[in-house]
Amino acid sequence: MSVLSKLKEALICLKAGRVTLPYPAQAQPVPPKFRGRPIFDAAKCIGCAGCANNCPAREILVIDLCQEIRILKYLGRRCAYCGRCADVCPEKAITMSHEFENATDNITDIGQTLELFMSTCQRCGRCFKEPSPLEQLKMKGYRFDDLKNDRWIFRSQAYLGDEPVVDDIKLEMD
Amino acid sequence: MFKNLCQKMFKRSLWVYHANSGGCNGCDIEVLNVLTPYYDAERFGIKLVGSPRHADVMLCQGPAMRSTALALKRAFDAMPAPKLVFAIGSCACGGGLWHDSYPVIGPVEKVIPVNYFVPGCPPRPEAILYGVAVALGVVDKKTAPVKFKQQEYPIPLYHPGDLRTQDEMIVYEKKEKL
Numbered sequence: 206m207s208v209l210s211k212l213k214e215a216l217i218c219l220k221a222g223r224v225t226l227p228y229p230a231q232a233q234p235v236p237p238k239f240r241g242r243p244i245f246d247a248a249k250c251i252g253c254a255g256c257a258n259n260c261p262a263r264e265i266l267v268i269d270l271c272q273e274i275r276i277l278k279y280l281g282r283r284c285a286y287c288g289r290c291a292d293v294c295p296e297k298a299i300t301m302s303h304e305f306e307n308a309t310d311n312i313t314d315i316g317q318t319l320e321l322f323m324s325t326c327q328r329c330g331r332c333f334k335e336p337s338p339l340e341q342l343k344m345k346g347y348r349f350d351d352l353k354n355d356r357w358i359f360r361s362q363a364y365l366g367d368e369p370v371v372d373d374i375k376l377e378m379d
Numbered sequence: 002m003f004k005n006l007c008q009k010m011f012k013r014s015l016w017v018y019h020a021n022s023g024g025c026n027g028c029d030i031e032v033l034n035v036l037t038p039y040y041d042a043e044r045f046g047i048k049l050v051g052s053p054r055h056a057d058v059m060l061c062q063g064p065a066m067r068s069t070a071l072a073l074k075r076a077f078d079a080m081p082a083p084k085l086v087f088a089i090g091s092c093a094c095g096g097g098l099w100h101d102s103y104p105v106i107g108p109v110e111k112v113i114p115v116n117y118f119v120p121g122c123p124p125r126p127e128a129i130l131y132g133v134a135v136a137l138g139v140v141d142k143k144t145a146p147v148k149f150k151q152q153e154y155p156i157p158l159y160h161p162g163d164l165r166t167q168d169e170m171i172v173y174e175k176k177e178k179l
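Residue numbers (this note's numbering), protein chains in the order written: chain A, 206 to 379; chain B, 2 to 179.
Keep in mind that the hints are not guaranteed to be accurate.
[What the hints assert, rightly or not] Quick list of in silico lysine-lysine cross-link-like pairs, BS3-like style, CA-CA up to 27 Å:
no., chain 1, residue 1, chain 2, residue 2
1, B, K143, A, K297
2, B, K9, A, K211
3, A, K297, A, K249
4, A, K353, B, K12
5, B, K12, B, K150
6, B, K150, A, K353
7, A, K238, B, K12
8, B, K142, A, K353
9, A, K238, B, K9
10, B, K148, A, K249
[What the hints assert, rightly or not] Listed next, the stretches of chain A that the computed footprint assigns to chain B, with coverage defined by at least 3 CB atoms under 8 Å from CB atoms of chain B:
no., stretch
11, 212-219
12, 222-231
13, 273-286
14, 290-303
[Stated by the list, open to error] To give an idea of the interface, some chain A residues facing chain B are shown, with a C-beta separation under 7 Å as derived from the structure:
no., residue
15, A247
16, I251
17, C253
18, N307
19, A308
20, T309
21, D310
22, D351
Hints in this document: simulated from the structure, not taken from any laboratory. Don't be surprised by glycine CBs; every beta carbon is placed ideally from N, CA and C.
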């Protein structure tokens, strides 16, 4: 009886054949709606920083070096690939690609940095006004995110200092 | 000679310890998916073990939390000397969506040294297998840092001081002024 069941099992296994995918040697297609790494197009980007305000992981950093140059830095390390940045982008400059093979030995490899030219208002020289009072409070023209410590900073907190926010925990390691 | 043999054999038999320090279980499921017959990781000699003392590779999921950082560090110290650490998922790579909340210290990089990063939330089983293949030297890594620069010329700024009258017309000069 047991020999018979074993033989039956062997027959089923032979029938199934080889199921292992030859993956690293041969590329594996992804479903069409798959969201992979976002790709930023510097030619289309107008530098509105809507993606930075909408990112739930707060990992798109914006820093204004001067009135004309704005640096938009995508870190990529804690990105959840939710696609909110691509949804909110008015110029469709962000596309969610099908890239998922992002394994590296250096985490800064997945970052993207855009250096954008921002034109000024020819009348007053300042940036345009935000529509609602809350947004005016939030963004007063300039953003000073901390590129060195990968921190996202509002204008109101920009003068707090250089010490990291997250690193205030002192652990006792033996 | 024995050292060379060890280094050669280390590539063909990686024993994996699977540590979750406060993740959401999504990456755990994907890692277990890699060990199923479809994405057969035992082709590369990878075997899941239950104790860090038997392991060569540590797969970290989830951010380093206040409560688990010490345990993670102790598990890393318990592993024998030629050891690799993989950070799998965006929580382990960069702290996740709640990177700035109270119990989260940050990425596992802050507690233990990490050799390879597999970002994704969760990463596909193919992505994890690709990370293993990158570590083994079977394939090359595809990512590289990207920097774009918009090539545009600065627009001249309007200044009322540059206006002057020229036979019943107002002419604007000094257009190259910034």
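Hint check results:
{"no.": "1", "hint": "K143(B) x K297(A)", "verdict": "holds, 25 Å"}
{"no.": "2", "hint": "K9(B) x K211(A)", "verdict": "violated, 38 Å"}
{"no.": "3", "hint": "K297(A) x K249(A)", "verdict": "holds, 7 Å"}
{"no.": "4", "hint": "K353(A) x K12(B)", "verdict": "violated, 36 Å"}
{"no.": "5", "hint": "K12(B) x K150(B)", "verdict": "violated, 41 Å"}
{"no.": "6", "hint": "K150(B) x K353(A)", "verdict": "holds, 20 Å"}
{"no.": "7", "hint": "K238(A) x K12(B)", "verdict": "violated, 36 Å"}
{"no.": "8", "hint": "K142(B) x K353(A)", "verdict": "holds, 25 Å"}
{"no.": "9", "hint": "K238(A) x K9(B)", "verdict": "violated, 41 Å"}
{"no.": "10", "hint": "K148(B) x K249(A)", "verdict": "holds, 15 Å"}
{"no.": "11", "hint": "212-219", "verdict": "violated (count 0)"}
{"no.": "12", "hint": "222-231", "verdict": "holds (count 5)"}
{"no.": "13", "hint": "273-286", "verdict": "holds (count 8)"}
{"no.": "14", "hint": "290-303", "verdict": "violated (count 0)"}
{"no.": "15", "hint": "A247", "verdict": "holds, 3 Å"}
{"no.": "16", "hint": "I251", "verdict": "violated, 10 Å"}
{"no.": "17", "hint": "C253", "verdict": "violated, 14 Å"}
{"no.": "18", "hint": "N307", "verdict": "holds, 5 Å"}
{"no.": "19", "hint": "A308", "verdict": "holds, 3 Å"}
{"no.": "20", "hint": "T309", "verdict": "holds, 5 Å"}
{"no.": "21", "hint": "D310", "verdict": "holds, 5 Å"}
{"no.": "22", "hint": "D351", "verdict": "violated, 13 Å"}
In terms of the numbered hints stated before, the structure departs from hints 2, 4, 5, 7, 9, 11, 14, 16, 17, 22, listed from lowest to highest.
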